[in-house]
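Chemist: If you want the building blocks of each chain, they are given just below.
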Amino acid sequence: MSRTLLITGVCGGVGRVLLRQVLAATTDWNVVGIDKRNWVLDTPARFEFRRVDMRRGAAEDVVRTVRPDAIVHLAFISDQSVSRDRRHLVNVQGTQRLLEWCARYEVPKVVLLSRATVYGARPDNASLIPEDMPLRLGAAYSELSDLVEFDHLARSWMWEHRETDLVLLRPVNIVGPNVREGMLYRYLSGDPVMTALGFDPMMQLLHEDDAIGAIRCALRADEGRGIYNVAGPGALPLSVLLRELGRRRLPVPHPLLSVADRFAFLLGWSKLPSHAIDFLRFPCVVDGSRIRRELGFQPTRSLGETIAAIPGRPSILA
Amino acid sequence: MASVKSRFWNRLDRLLIDEEMQGILDRVPNVTNEFGYDPWGLEPRAAVRALAMTRWLYRTYFRAESHGVENIPAGRVLLIANHGGQLPVDGLIVATGAILEAQPPRIVRAMVERWVPSLPFVSTLFTRVGQIVGNREDCRKLLENDEAVLVFPEGVRGSGKTIWHRYELQRFGLGFMRLALETNTPIVPVGVVGSEESIPSVYDAKVLARLFGAPYAPVPATLPLLGPLSMVPLPTKFILNFGPPLHFHGDHNASDAEVADKVEQVKTALDVQIQRGLSMRKGIFG
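Just so you know, the sequences run in chain order A and B. Okay, so the first sequence: first residue is 1 according to our numbering, each after it adds one. Okay, so the second sequence: first residue is 1001 according to our numbering, each after it adds one.
Honestly, the hints are just simulated from the structure, not real lab data. The reader is advised that the hints may include incorrect statements.
To be clear about the criterion: a stretch of chain A counts as covered by chain B if any three or more of its residues have a C-beta under 8 Å from a C-beta of chain B, and this derived list gives those stretches [said to hold, decoys possible]:
| id | stretch |
| --- | --- |
| 1 | 77–86 |
| 2 | 122–128 |
| 3 | 168–180 |
| 4 | 195–206 |
| 5 | 277–289 |
Ideal Cβ positions, reconstructed from N, Cα and C, are used throughout, including at glycine.
Work the whole structure out from these sequences, hints included.
Modeler: Now the structure itself:
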C-alpha cells in the first residue's frame, strides 16, 4: 500500500535533500511538495509539486485532497535578516494553520523542525542540555521570539491533539552543501571572523544528511511522538572549527563585540544578529541521547566529514 | 595565523610535556572524539599540560603525600572530601594526586560556580581541564560516563570556616548520596590535611561578604604582616588519605532522613581518613 508524504517548503535545501532521500530509499512513499517558490529542478517519479502559499486556502485544499499519511513541515524562515513580522507570519501563524489542518483532516503524523538554539546561550546553561530545559532564547532576544513561540506552539498542540503523532526535532546547527542560510552560515561567511577574547565555547554540528536521517527516524517510528534534541557526532571548540575551516580569528574583548559588529560592514562582513554574540561566549550544547535511545537515530557522518561539508565562503564576499 | 598558533602550542608541549606527563596522557581512560574533546569540553592534553604547574604545587610547594590511591576503583566514582582553607586549593591538590598517583590516572571532574563561565580565559581553561558547570543532571551523566567526580558536601560552610574550627566537618549536603544511589556509584572518602591551615582565617567578616555578594570574607591571621599577600596559601604540608570505597543501596528518592543516615556513614568514614592524616604529620609545615 502506498503512502503519501507532504513536504512543505520543499524547495529549500533540507526539503530537496529529504525528497531525494525518501524517494531513493523507499518504494511505498509518494511525495507531494508545496512551496510558494517555484520548483526549478526536474520532477522525479512519485513526486508531485504544487506551487501554493501556506497562507492561502489553496494550501489547505492540498491537505484536504491529498490526505497525507505524514507531513514534514519545512516552510520556515530561519534567515534573521527577514523582518520580524514576516517571520512571525510564516513561522508561527503558518505553522498554526498547518496544525489546524492536521487536526481537521486527521493526519496521523507530523514532523516539525525547531532549533537547538531555542535554549539560548547562557553562562549557567547545563553542560548537556536535556529536552525539558526551559527555553531561554526569547527572554533575552525578543527579535527571535518567533523561534521560541513556534516551539511552544508545537509543544502545546502535541498535548492537546493526541490523535496525531507530532515529533518536534531540535537539531543543532545543520551544515552541508545545501544549507546556505542561518546564523552559523552567516557567521562563517567572514574572514577573519570575530571571536570573543578569552572565550571558546563548544559547538555542535549536524550534517544535512544526518538531519534528514533524524527526520526519517521520526517518520518511521510508529506511535512515536515527543520532543527530541538532534546532536551530531560530537562537540568541538569554536576555535578548532575555525582552524579546520581555515578562517582567521579576530578576537575582540566581549564588551566591545556589539560595537565592533556594528562597524563590521566596513570590512565587508555581514552583520551578526545580536544574540549571536552570546553564542560566541557561552555554550549551548544539547544532550542528543534521547533520540538515539527512543528512535534509534545514529549520525552517519563523522565530525571531520561534517566540517568538510560546510560550503566555502560565497565568492561575492571573498 | 592558525599555523603560528598551532606551532606555538606544539613548541609549548615539547617544552612542558615530559615523559611522566606523556605516560599519563597515554593512560587516561577518558574517551574523546577525533579532535580530542569529550562532550563536556575536556581536552586531556590540556589537563596534562596544566599538570606542569599543579605538579610543582603538589610536590614542591605543598610536599603532598597521597595514601591509599589504590582505593580509587576503575570506572565511576564519587570522591568525597573535606573542604577548608578559603580558596579551593584542596580540590586542586586532590585532582593532582588522582592524576599523578592513581592507576590508571584519573582526570577528576568537579562542578564549578555558576559565575565562572562568564570570566574570559578562566572559563576556557576550566572547561578544557574537565571542570563543568552544571546541575545534578549533568553530574549524573558524568557518573554514567564512568568519570571520577569530586564533591565537597560541606560547600562554602566548609571552605569559609575559621582556623578555630579546622578539621571539624560541617553539615553535609545530601545531593551526592542521592546521585550515588541513583547511579550505583561507589564513594571514596578523601581526608585532606594541610588545606585547612593554608590560609588561616581568624574571622569571617560577614558584613563585608554581604557587601560584595561573596559567600564569606576571610580575615587571615597573617593580614597585618603580609597584607593582600595573606590570601596566598601558605606552604603547609598536604597529606591525602583515600579511604576504602563505600557502596550504598536503596531508593534515591527516599526521604531526607533516610538519606541523611547514609550520609552520616560517609561523614564518619571521612573523619577516620582525616584523623589518620593528622596523626601522620609532625607539624603544620612538616
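Chemist: So is the stretch 168–180 of chain A in contact with chain B by the C-beta rule, three or more residues under 8 Å, or is the coverage claim wrong?
Modeler: violated (count 0)
Chemist: Count the residues of the stretch 122–128 of chain A whose Cβ falls closer than 8 Å to any Cβ of chain B, and tell me whether that reaches three.
Modeler: Holds: 6 residues of the stretch 122–128 of chain A have a Cβ under 8 Å from chain B.
Chemist: Given that the stretch 77–86 of chain A was listed as covered by chain B, double-check it with a C-beta distance under 8 Å for 3 or more residues.
Modeler: violated (count 0)
Chemist: Are three or more residues of the stretch 277–289 of chain A within 8 Å, CB to CB, of chain B?
Modeler: Check passed, 5 qualifying residues.
Chemist: Per the coverage rule (Cβ-Cβ under 8 Å, at least three residues), is the stretch 195–206 of chain A covered by chain B?
Modeler: The restraint on the stretch 195–206 of chain A holds, since 6 of its residues have a Cβ under 8 Å from chain B and three suffice.
This entry does not satisfy hints 1 and 3, going by the numbered hints stated previously.
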